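Peer 1: Residues per chain are reported as follows:
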Amino acid sequence: MPLLEGRQLSKRFGGVWALQQVDFFLEAGEIVGLIGPNGAGKTTLFNSVAGAFKPTTGRIFFRGVDITAKTPYDICRLGIARTFQIVRPFPEMTCQENLQVAFVNNHHKAAGKDWASSTHGILEFVGLTDQMLTLAKNLTLMEKKKLELARALATNPTILMLDEVLGGLNTQEINQALNLIKGLRDEKGLTIFWIEHVMGAIMQAADRVIVLDQGTKLMEGQPGDVVIDQRVIKAYLGE
Amino acid sequence: MFPLAVTNGLVMGVIYALAALGVSLVVGIMRVINFAHGELFILAGYFSYLFAITLGWHFLPAMIMAVLLVFCLGLLIESTLIRPTYGHEMYSLILTFILSIVLQNAYLLIFGPYPQKPPAWISGSTHVLGLFYYGNQRLAALLAGTLIIAAVFSVLKFTWFGKILRAASQDREMAQFNGVNTTRLNMLSFGLGCALAGTAGVILAPVFPVTPSAGVHVALTAFVIVVLGGMGSMWGCVIGGLILGLVENLGAAFVSTGYKHIFGFMILILVLLIRPAGLFGRKEI
Amino acid sequence: MSNRNKSLIVLAIAGVFGLLPLGLDDYRLHVLVICLNYAILAASWNLVAGYTGQVSFAHAAFAGVGAYTSGMLAVHLGFNPWLGIVIGTAVAGLAGFLIGVLCLRMGGIYLSLTTLGFSQILHIVITNEYEITRGTMGLQVPALMSVYSKTAYFYIMLAALIVTLLIIHRIIYSNTGLNFRAVQNDETAAAALGVNVVRVRVMAFTVSSALAGMAGGLFGHYLLLITPQIPSLDQQFLVLAMTVIGGMGSFIGPVIGAFMLNILAEYIRAYGEYHVLVFGLVALLMARFFPHGVVGLFKGKR
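Residue numbers (the working numbering), protein chains in the order written: chain A, 692 to 930; chain B, -11 to 273; chain C, 1085 to 1386.
Hints in this document: simulated from the structure, not taken from any laboratory.
Note that the structure is a prediction, hence the values are computed from the model and not measured.
The beta carbon of each residue, even a glycine, is placed where N, CA and C say it ideally should be.
None of the hints are false.
Examples of chain A residues lying across from chain C (beta carbon under 10 Å, computed):
(1) 762
(2) 764
(3) 774
(4) 775
(5) 780
(6) 783
(7) 784
(8) 789
(9) 827
(10) 843
(11) 845
Label-pair restraints from in silico Cβ distances:
(12) 1308(C) x 131(B): 48 to 56 Å
(13) 1313(C) x 149(B): 44 to 52 Å
(14) 765(A) x 1182(C): 22 to 30 Å
(15) 1313(C) x 197(B): 17 to 25 Å
(16) 107(B) x 1166(C): 56 to 64 Å
Extracted from the complex, chain A is given alone in its bound form (with noise of 0.2 Å):
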């Protein structure tokens, strides 16, 4: 049974389907990437999940569970945790408080309570230790990021679902959140559903890829064989 698994996904705005009968799985273990050009439906379908939104038909299970109709913060408890494509940090709260919000309602209240050195160990792994006190909007876009995730990873989530974490970063910023996204699979055990436009990276790091164009699922494969293929390249080319 796949750890999460959405079946025949259609979302509709007013006079829109923004998806059209998708169906997806993920494997624990895995990196799946979710690509296709703009307006494909990729932030709709995580927001699906997420709970932002119901579907307007189709089932999404984890771990055979149904969980279409839960609101964005019973998903969370269950252990699927997203970032935003545009981050939302809490800006009037430092980087600690930040995650302290993720840790303390997703942990049990004795664990609650020792938020501070979970947090601290978190912070270490996305190497935002000095920023700890800082306000959240006095950060750089590379820090914010880095604590978008951070908070993510607080939630002590299953499941992380990544919205395009790598828009707006140079060349060596990519390769330090290539490192640690790909740490997370390796030494952390996550499964990672993840948003991306920036092709080199997910063809570096992902399992598997899910192409998606204009609502539908167009194909899906391994990177290597997604990137070769026609429809694809058309897919992108035409936008």
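Fit chains B and C to the given chain A structure using the hints.
Peer 2: Then chains B and C, alone, in the frame of chain A:
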């Protein structure tokens, strides 16, 4: 008794609908609720009284001037108070609520607590359907209100400006991408919303007393109507307005006059319990 | 400011307040009791408005619920006023819970409109049901003590304010308070991180309305007369103005605002009933230009 109550209900219903249209316009475009809506409604009444009685104008230019002044005041309020709060719903609520109280107290200071009454346009009464006598001024109010509502609908449906308004209220961002100057649109919409309140005010003023706090009930009723009719629905305002006018007056006639104003709020609670989107509203807010 | 210094300042203020009644006449005590009452109302309204960003217009109404519950129990059923106030507080809290659950799922405007509707319904019912509420004549209620003493009432209200502030402090500096801030900073992100936004808001709203009910009950038995003026939009406005001017979202701001405005009102009254207009204009300016209020001005923020 019944036909009289129904006619009263229709008259008030049309007035309420006009006021509600003003609220709906502003809510739809700017996501702002103007708590001072009632005070602008009543200000127009005060202005038309000033021009017609104190300055001796004919009632028609007095009314038009009153509405124009309220429109301008609306532009001013939007640019000074509302505009900086865009994105912070809470602040515009607080600011307009404070403004409402400030205006009420200002009216008390300037105009005094006693009701003022602008002149009627037409006197006498008509034998309606052979059943009862009804004041001509009220009938004229009913007619005027209906005509103006029809005019508003026409502008929205057939003019280029109306199309922009409808587009902006459905999808603000898209309107922006298509080159609409949203800042100016906001200002105009707010001004228009106030103007609609003012129009309702000048139509009602010859019939009902203009007092400093008379606008409160109209504003609250307008909010209820917008919820009942559904946010963003123009027809919702009209139907909702008529429903409320009728329920209020029938209730006052047959149930209790003391509880007249409670029906609107009970309708509000019922709508929120059963169908928050209202009669014609969009499902996702 | 270190915690030690903060505690010392608090103790000093508490000491001053504790000794205050000894040197004051009845009139000044009366003004202080009014200040304390509004301080409780403003601080509890601030819990919802300043810390969770929801504008409730039913706060004065909840005070009315507390006042009338206690008053009617005392007058019609002979309840001890102390017991009445406890019951009134609970009833107000329950009402807050129900309204919160009803409309906090739906977002800001709906809460504001519903609380507005509720406060109007309450006002109309109280005014009309003359038999049990004595309508606009007012309900005459017994005092909290056998021998009426303004000094005693001062201490009672002071204790109530301290309890209120302690409760609010506990909430704000707990995980719940952390969640409040998260929701205020970014509601969507908070939800995505596991914060049950609705539950957080309902809890704040319930506590807030219970505290208002308590204040209403206490104040009613102080004035010995409960009128429909208590649950009115005018009162709601005053509470709002005090919080806005004092500093919405700050801990001590509402209390400062309450004291400032009520003391000021006494001076303005010498010239006529203009205090509402004055407060309105000041509140308008503050809300527009200095949203952090007087407290914010002191801290150098805008």
